[in-house]
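Participant: Here's the letter readout for the chains.
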Amino acid sequence: MTEKIPTKDVTPVDAGQHRKSPTTGGPQGELYAKRRHIYVKRVQGLFQKLRTGSNWVLMLAFFFGSFIPWGGRQAIFFDLPNRQFHIFSVTFFPHDFMLLAWLLIILAFVLFFVTNFAGRVWCGYTCPQFVWTWLYIWVEDKTEGSPNQRKKLDKQPLNTEKALRKGAKHFIWVLIALATAIAFLGYFSPILDLIPRILSFDLGPWELFWLGFFTFFTYLFAGWMREQVCIYMCPYARFQAVMFDKDTLIVSYDTARGEPRGARKKSDDPAAKGLGSCIDCDLCVQVCPVGIDIRNGLQYECVTCAACIDACDQVMDKMGYPRGLIRYTTEEELAGRTTKILRPRLIGYFIVLLAMLVAFSVALSNRIPVELEVLRDRNQLLRMTSDGMVENSYLIRIANMDQREHSYTLTLHGVDGVELQGAAVYTLAGGEVRQFPIQVIGNPAQLPGSPAVNIEIRLQSQQDPRIAASRESRFFIRSAR
Amino acid sequence: MTSQAMSGFWSLWISVITLGVIAFCWWLLYANRKTDKVPAANGEVETTGHAADGIEEYDNPLPRWWFIMFVITIVFGLVYLALYPGLGNYKGLLGWTSTGQWQDEMARAEERYAPIFQQYAQIDIRTLASDPAAMQVADRLYQNNCAVCHGSSARGAYGFPNLTDGNWLYGGDPEVIRDSIIFGRNGLMPAWVDMLGERGVDTMTHYVLGLSGLEHDAAKAEEAAPMYQAICSACHGVDGQGSAAMGLDSIGAPNLTANSWMYVQPGQSVYDSVAFTLRHGRNGLMPAQARYLDYGVELPNNLRSLSAQEKAELLPKVHLVTAYIYSLNQGK
Chain A
0 MTEKIPTKDV TPVDAGQHRK SPTTGGPQGE LYAKRRHIYV KRVQGLFQKL
50 RTGSNWVLML AFFFGSFIPW GGRQAIFFDL PNRQFHIFSV TFFPHDFMLL
100 AWLLIILAFV LFFVTNFAGR VWCGYTCPQF VWTWLYIWVE DKTEGSPNQR
150 KKLDKQPLNT EKALRKGAKH FIWVLIALAT AIAFLGYFSP ILDLIPRILS
200 FDLGPWELFW LGFFTFFTYL FAGWMREQVC IYMCPYARFQ AVMFDKDTLI
250 VSYDTARGEP RGARKKSDDP AAKGLGSCID CDLCVQVCPV GIDIRNGLQY
300 ECVTCAACID ACDQVMDKMG YPRGLIRYTT EEELAGRTTK ILRPRLIGYF
350 IVLLAMLVAF SVALSNRIPV ELEVLRDRNQ LLRMTSDGMV ENSYLIRIAN
400 MDQREHSYTL TLHGVDGVEL QGAAVYTLAG GEVRQFPIQV IGNPAQLPGS
450 PAVNIEIRLQ SQQDPRIAAS RESRFFIRSA R
Chain B
0 MTSQAMSGFW SLWISVITLG VIAFCWWLLY ANRKTDKVPA ANGEVETTGH
50 AADGIEEYDN PLPRWWFIMF VITIVFGLVY LALYPGLGNY KGLLGWTSTG
100 QWQDEMARAE ERYAPIFQQY AQIDIRTLAS DPAAMQVADR LYQNNCAVCH
150 GSSARGAYGF PNLTDGNWLY GGDPEVIRDS IIFGRNGLMP AWVDMLGERG
200 VDTMTHYVLG LSGLEHDAAK AEEAAPMYQA ICSACHGVDG QGSAAMGLDS
250 IGAPNLTANS WMYVQPGQSV YDSVAFTLRH GRNGLMPAQA RYLDYGVELP
300 NNLRSLSAQE KAELLPKVHL VTAYIYSLNQ GK
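So the sequence lines, in the order shown, correspond to chains A and B.
The first sequence: position 249 = 248 (numbering that gives the first Met the number 0), numbered continuously.
The second sequence: position 308 = 307 (numbering that gives the first Met the number 0), numbered continuously.
A portion of the hints provided could be inaccurate.
With a cut-off of at most 30 Å between alpha-carbon atoms, the simulated DSSO-like pairs for lysine-lysine come out as follows [to be verified]:
#, chain 1, residue 1, chain 2, residue 2
1, B, Lys33, A, Lys33
2, A, Lys40, A, Lys264
3, A, Lys161, A, Lys40
4, A, Lys265, A, Lys48
5, A, Lys151, A, Lys40
6, B, Lys36, A, Lys33
Residues from chain A that keep clear of chain B, each with C-beta distances beyond 12 Å, as calculated [what the hints assert, rightly or not]:
#, residue
7, Phe91
8, Gln155
9, Phe187
10, Asp281
11, Arg326
12, Glu332
Which residues of chain B face chain A? A few of them, derived with a C-beta cut under 8 Å, are [stated by the list, open to error]:
#, residue
13, Val147
14, Gly150
15, Ser151
16, Ser152
17, Gly155
18, Asn258
19, Ser259
20, Trp260
21, Val263
22, Pro265
23, Gly266
These are computed hints drawn from the structure, not numbers from a lab.
Since this is a predicted model, take the numbers as computed values, not measurements.
We put the beta carbon where it would ideally sit given N, CA and C, even for glycine.
With the hints as constraints, model all of the structure from the sequences given.
Facilitator: Right under this line is the structure:
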């Protein structure tokens, strides 16, 4: 490349303001946007019903998931000190972290697939950041009133009413945050034991730390940070654009139909006044939780919560106009072309997702809940017995990763003329990990002339023959001099 | 650890460099706090003058939050250096040492596990040997402390006795095993070639093989018999049963009739091994383990004369390992 890339002037329009230097007495050059407090107006409608429904399901699952009993303990229990992760009838061990990696990759592909098809559904309907934010906004609405009342309240000097309303809001916020933290902790510390201990202030230092940590950050993120988390902290919000194409469902304002916008009476004929369908009521801006004007087009802040759709549809109904001035649509459709739902990219995502799901199910159903390790003694390779036999010692480590007790039969394979000494059956309780010394013995006269041979040690459950494991090791016959 | 302390020069050297770099960072941070490029009347701002492919650079100061984070790291660093040993030989206000931290952790572990070990110390060794839970704990102690020489299955190795065959150098009574672990053992077989002569070594080897019922030259064994009774029987006994069988628990002369050989190397015949022993002697050492197993316990001078119960309470881990070794020989 010999030619320079052509440069483009990207100086912000208000660059002059930014560049006021402290040395000249003007405001210091601030390169970062000032945060504008958003007074979110609550709205009713189809999409808000959908979201409220999904929020309820997810919240109930989160808050009460840890209470489900399962065979004497809670069904979902992540036992960190013992490194055992119980999920209903399966117990995962650190050896299974490969499965977790695959699960996360699958979830990533679900995200790609869904986002490519329907945009930021995750952000709008399921993300905890917004589920909790909506809950906190609801509390705000109940304690401080509508956005206009809230604005007025914020401008007021402190008085009894303001103190009471603000106090009530923050008190409820903290309570919700605390409940969230307790529910979260309940997956790591048995919830039925945890709650009484919290009530009697009998917590370990780490439990106390995490309780405080999650309470504080729930309160901070859902109460104070809100859309700032999505705009400035969340990586997914930023790389979503990669998954979008012109056929992706987006929440969009129909510029062709809406413009030129303007106020009018219901009885007016917009066509006669030269107006579009948008009455410029600003309701879509007031209900937006991330503080954007959807009429400016697709913006990276938009979490597709569809609050503006519900708000606009209400207005269209009142005006007697058809709904859908703001609607779920695609760029193709807005440009007057047809949306191609089945497109190579979406099909590609789907095929990869399907293949991974199948592979994961197979891996999960074929998961062998036993782990065998064979460690050779490190001191001496071999030992001669009094009757001229050669003996090698090994330490075997068995991890019973099943929830039931198993008796395992140990057998030796690979070479004729060697046999296993020590117990042939090892019984381990569910979840138990133990090590046992064993020795393998053979007559050097009947064994190959090489210094060592490979042996295979196999383990098989007597209760379930499918549960088996095998390890290779070396059997040393003579010193190689 | 004064022996590891730095000389005054190096201590000063490190302190000066560390504090100097912090001071430099501080200066650098403040020197660049403000821009010296004043905007012209029309709002145009002078750039730093650096240009790369037509891209120029404004001389913007750090955002305030970023600046504050740097200040916090510097303050953190200074507080850390005041509290912890970081500046040469300076010990820090908290007096923290890695040894001290390790000792704290050991003390905490001791506090947590001592009651369990003391509980086992109250149980007689023979009873303890048949307690599976206790033997699981003892197995871990054995694997960590003993297995490196005696093997994970305790079946010994070249030069290290088999602890599972019921054949004892010093005796298999629980108290004798305990003493072997606490005080260690030092077994000495002198070299006999000067006394026996070359032919004597050969004939005596055949005699010893005969004691264990191995293939040997009966005529040569017959020839060595009087010499055996004259020299060897003092330690190994007239029948070759070893010193332990004679009730002597400090000599450690092995039983020659058990066909159990500690010094046979892979590929070596028993004859060669025994002949080597007779010619050159052997010196076996089992180190005293009390200080390792029961780390940190102060051993009294009259340890040998303490009762079994007192030893068990003083050295509970030795007690557990004793029971473990004892349990390996049950039914032998």
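Participant: Indicate, hint by hint, whether the structure satisfies it.
Facilitator: So, going through the hints one by one against the coordinates:
1. B/Lys33 with A/Lys33: holds, 21 Å
2. A/Lys40 with A/Lys264: holds, 24 Å
3. A/Lys161 with A/Lys40: holds, 20 Å
4. A/Lys265 with A/Lys48: holds, 28 Å
5. A/Lys151 with A/Lys40: Between A/Lys151 and A/Lys40 the Cα gap is close to 14 Å, so the pair holds against 30 Å.
6. B/Lys36 with A/Lys33: holds, 24 Å
7. Phe91: The assertion about A/Phe91 holds, with a minimum of 25 Å to chain B.
8. Gln155: holds, 30 Å
9. Phe187: holds, 22 Å
10. Asp281: Given that every Cβ of chain B is farther than 12 Å from that of A/Asp281, nearest at about 33 Å, it holds.
11. Arg326: holds, 40 Å
12. Glu332: Since the minimum Cβ distance to chain B is about 39 Å, A/Glu332 lies beyond 12 Å and the statement holds.
13. Val147: holds, 6 Å
14. Gly150: holds, 5 Å
15. Ser151: Given a least distance of 4 Å, the restraint on B/Ser151 holds.
16. Ser152: holds, 4 Å
17. Gly155: holds, 7 Å
18. Asn258: holds, 4 Å
19. Ser259: At 5 Å from the nearest chain A Cβ, B/Ser259 passes the 8 Å test, so the hint holds.
20. Trp260: holds, 6 Å
21. Val263: holds, 5 Å
22. Pro265: Hint on B/Pro265: holds, closest Cβ of chain A at ~5 Å, below 8 Å.
23. Gly266: Holds, about 5 Å.
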